[in-house]
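All chains, full assembly: derive it from the sequences and hints.
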Amino acid sequence: MATEVQQTMAVKAGETELADYRDFARCVHCGLCLNHCPTYRLWGREADSPRGRIRQMFLVDSGEMAMDATFVTHIDRCLDCRACETACPSGVEYGKLVELARGRIEREYRRTGMARLGREIFYRRLLPYPKRMAALGGLMRLAQRSGMQKLAQSTGLLKLMGLETRAELLPEIDRKFFSTETTRTFPARGVRRARVAFFAGCVARMTFSALNDATIRVLQANGCEVVVPEGQWCCGALAVHAGYRDVARELARRNLDVFFAGGDGFDAIVTNAAGCGSTMKEYGLLFGPESEDHERAKGFEDKLRDVTEFLDELGLTAPMQRVPLRATYQDSCHLLHGQKVREAPRRLIQAVKGVELVEMELSDQCCGSAGVYNVTQTETAMALLRKKMECVNATAAQVILTANPGCLLQLRAGAKLAGDGQEVLHVVELLDRAIEQERA
Amino acid sequence: MIAGLERIVGREQVLTKEEELRLYEYDGSVETGRPDCVVFPGNKSEVVEIARWSNRNGVPMVGRGAGTGLSGGALAREGGVQVVFSRMNRILAVDYENQRAVVEPGVVNLELSRAVARAGLQYAPDPSSQKSCTIGGNVSENAGGPHTLRYGVTTNHILGLEVVMPDGEMYRIGGAAVDAPGYDLVGLFVGSEGTLGLVVEITAKLTRLPESVKTLLAVFETTDDATETVVALTARGITPAACEMMDGWTIRVVESWIRAGLPTDAGALLLIEVDGPREAAEEQAAAVVETCRAHKAREVRTAKDEREREALWKARKNAFGAVGRVAPDCYVQDGVIPRTRLPETLRRIGEIGKRHGFEVGNIFHAGDGNLHPMLCFDRREPGTFERAMAAASEIIALCVELGGSITGEHGVGMEKDRLMPLLFSETDLELMKRVRSAFNPSGLLNPGKLFPVSKSCGEIRAPAMGRGPSEPIEGARNERVGSDAETRGGTQR
Ligand SMILES: Cc1cc2nc3c(=O)[nH]c(=O)nc-3n(C[C@H](O)[C@H](O)[C@H](O)COP(=O)(O)OP(=O)(O)OC[C@H]3O[C@@H](n4cnc5c(N)ncnc54)[C@H](O)[C@@H]3O)c2cc1C
Ligand code: SF4
Ligand code: SF4
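Protein chains in written order, with our numbering: chain U, 1 to 440; chain A, 1 to 493.
Everything hinted at is true.
Label-pair restraints from in silico Cβ distances:
#1 U:Glu390 to A:Tyr96: 18 to 24 Å
#2 A:Thr264 to U:Glu356: 35 to 41 Å
#3 U:His294 to A:Glu359: 31 to 37 Å
#4 A:Arg208 to U:Glu379: 40 to 46 Å
#5 A:Asp36 to U:Ala69: 18 to 24 Å
#6 U:His294 to A:Glu386: 37 to 43 Å
#7 A:Arg259 to U:Ala66: 40 to 46 Å
#8 A:Glu12 to U:Glu292: 49 to 55 Å
Don't read these hints as lab results, they were simulated from the structure.
Here the structure is a predicted model, which means the values were calculated and not measured.
Note that the Cβ used here is the ideal one computed from N, Cα and C, for glycine as well.
Given below as structure tokens:
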């Protein structure tokens, strides 16, 4: 499999994707998005606001402005959280615009030495290859356990991996990775109500295998037969966000092959990572109407569901124990703004008796995780995290719930650094707890 | 010269590169005007220093809040320095007992309401742009909003101001109490569109949140039925807290995005809100329902809960933006007419649009007779922009003819300066200019706004029945006060 990818990836297909005039023109520069943008809220600058970024992208695309360091800085600083999309009444597809702009930056702009090298190695030489990523994960685990973290940090290894240099932000590498080497099938408990394919993620399967296990248990308990198809790998989200669209396309194609193999229909393809889900629901943007994979990509989009969305649609049937606790929910940007799913996770939380859900202020604002943002823009990410924790602390919640592994990591660091030691859980982990306690 | 500015605020807080300045050449309007530099003061004394610097060097200066203005008010029409208040965004003090707050000008309108909501208070003026626009900008434009009908416009909610004059002197006007003695300078400053001074601190009144709010949606087959209902409500002495109208075209555009459950086959709808003590609100709601029914409302719905209410208001407040989905360019007009003439006006606006080849969308504060006709077009099609502007001018002339005004709340700015003579005679304008000169004698603060400067207005004539002069506006052009008028001329970028 790896060699196949390698071959196709070697051809950096002559990409020319640019946004259309109409995509830009939708922005009527009304400014209604400004105050929803985390970076504008921090600095109050047009250049770091959605409206200003759209204008810059337009000027660059239309040849009126150079693609220089200033432009790249402002585009780099964007979290791609897409809060502006939710706020925008004109329907500006900001996520699409910024991802295309980043694609163009990667194609045409020369970053300086180390930054460029690091990105090239990570996105082209590591991310696409499960074995290499696993090896790297193993190394990191060793480093974490033998206190060699310092060494790993100083060699820049962690930075390349897309992980923070602060110990608090490091994901604990699991002892045993969540396996997708052979297809596994988990039977439905009770009457089978649905048959779903599970998407396990790339980094997540090394650092969040417990979350993946919990997700499968919850699905099973609610009458789902869960299939984990072999050969699946990264969804391509990190690559899309970084502008490596050719890499993303190859990764996406592999998933199209894997999940459509054998043609046996799943009721849904389910993921517990909102960031991945958001990208996978937009595979159609990677394979435009002219592409031979367009149909398949669209079919994949239609089948894809975030686990909270899926369970909410399906309806919870598993018996659950009371879990008395006070919790608050942080909207994962790529669930709320990317996929427009707001109520589903909240309804699931409230389905657990005993849970008191206290809404925090600005739960729709990014926590600063944003994929690898907390590595590439550490200072900004930390500033956002501190603001987030102020809102969290004000709720006096014992548990922070969210819907994406990246957010879990960031919020765990937040709880340690600026919180009251809150526990941080994925919504399905709460459900899992309620179900397991009932069975115990 | 720029070094002087950098010394005041620090290098980081001054922008001078072309690619940075191009992000300050626009606002929410269709106008542009590029500053020569942009500066972000962090406190009052820096604003004082900036004004002194501008005065000393003879550089024009203009304030900017969030840049959501719809008349180009914050744009540097004649270049110079743009003073952006986004960093001065602290709520300095809230006096809950006496219901007032002291804020910096860059505080976002909605953030103030949010901050005091827990105490059962709000900052009442609610422009549709409230989630982004600043209180400084609201003060300058005397912003209104849907609830203006009940609570009044910005000027009714400002107690005192601290202002920096173009020469760098700082004054405190008004006070903490209503109706301060002496001239009502606060009243003069509010709505002065940033041409008298820079506002650096605001004491605003806070209003109790009503005990009970009822939001009604009345659906009509025709716009005539809806507008006649508005007239009837007035005649019956019913004053809702808000009364907004949306025509069929706009309903369909908005619903396609927001999905608030608006009836897409309707000809028009009214969004009416009543509030107050529980019984009073209920009584009023009943009277509203009855009036709507009497005027052929097909259906009258009441929002069941806060969520439904929010969805309806979201549809209303995001309507202009939603129109951006129809065509690349959208020109939102702002005119006022006596509300008794609503039915006739809307019909004639539709005719004007047709004549120029446009479908005109209407969504507006019906209770105040404050219209916002929207023209959608694509400026890449030759001649379209000109046709849109011509249609817009005719619409505004119509408002004046019917006894109304050229702007309800978006201001004159650089968009409607040339229309001022439709409303005011030369002597009327002269008085205003004298007022401006008293505060802004050099004319360096926000030049090129409010008073006619442009040369391209020969074809707009005052309507026969209007209050304006009977000669073409041609005669009024280039009427400028202050020393900058001749030297800089009316350069429009
Ligand atoms: C979608 C949309 C809906 C809108 N709805 C409404 C509405 O319902 N009602 C309404 O009234 N308006 C509305 N507006 C217009 C606009 O939002 C208001 O005029 C608002 O008050 C502008 O605030 P701002 O902070 O964006 O000011 P800006 O646009 O930045 O500036 C407006 C004017 O204020 C001056 N100014 C700003 N700050 C200061 C200061 N500190 N000192 C001195 N002068 C200053 C500027 O020089 C300029 O002349 C809407 C706009 C949009 C885009
Ligand atoms: S992106 Fe949307 S909300 Fe932001 S300025 Fe453009 S049209 Fe307005
Ligand atoms: S995606 Fe997020 S950070 Fe980027 S412009 Fe939009 S709101 Fe701002």
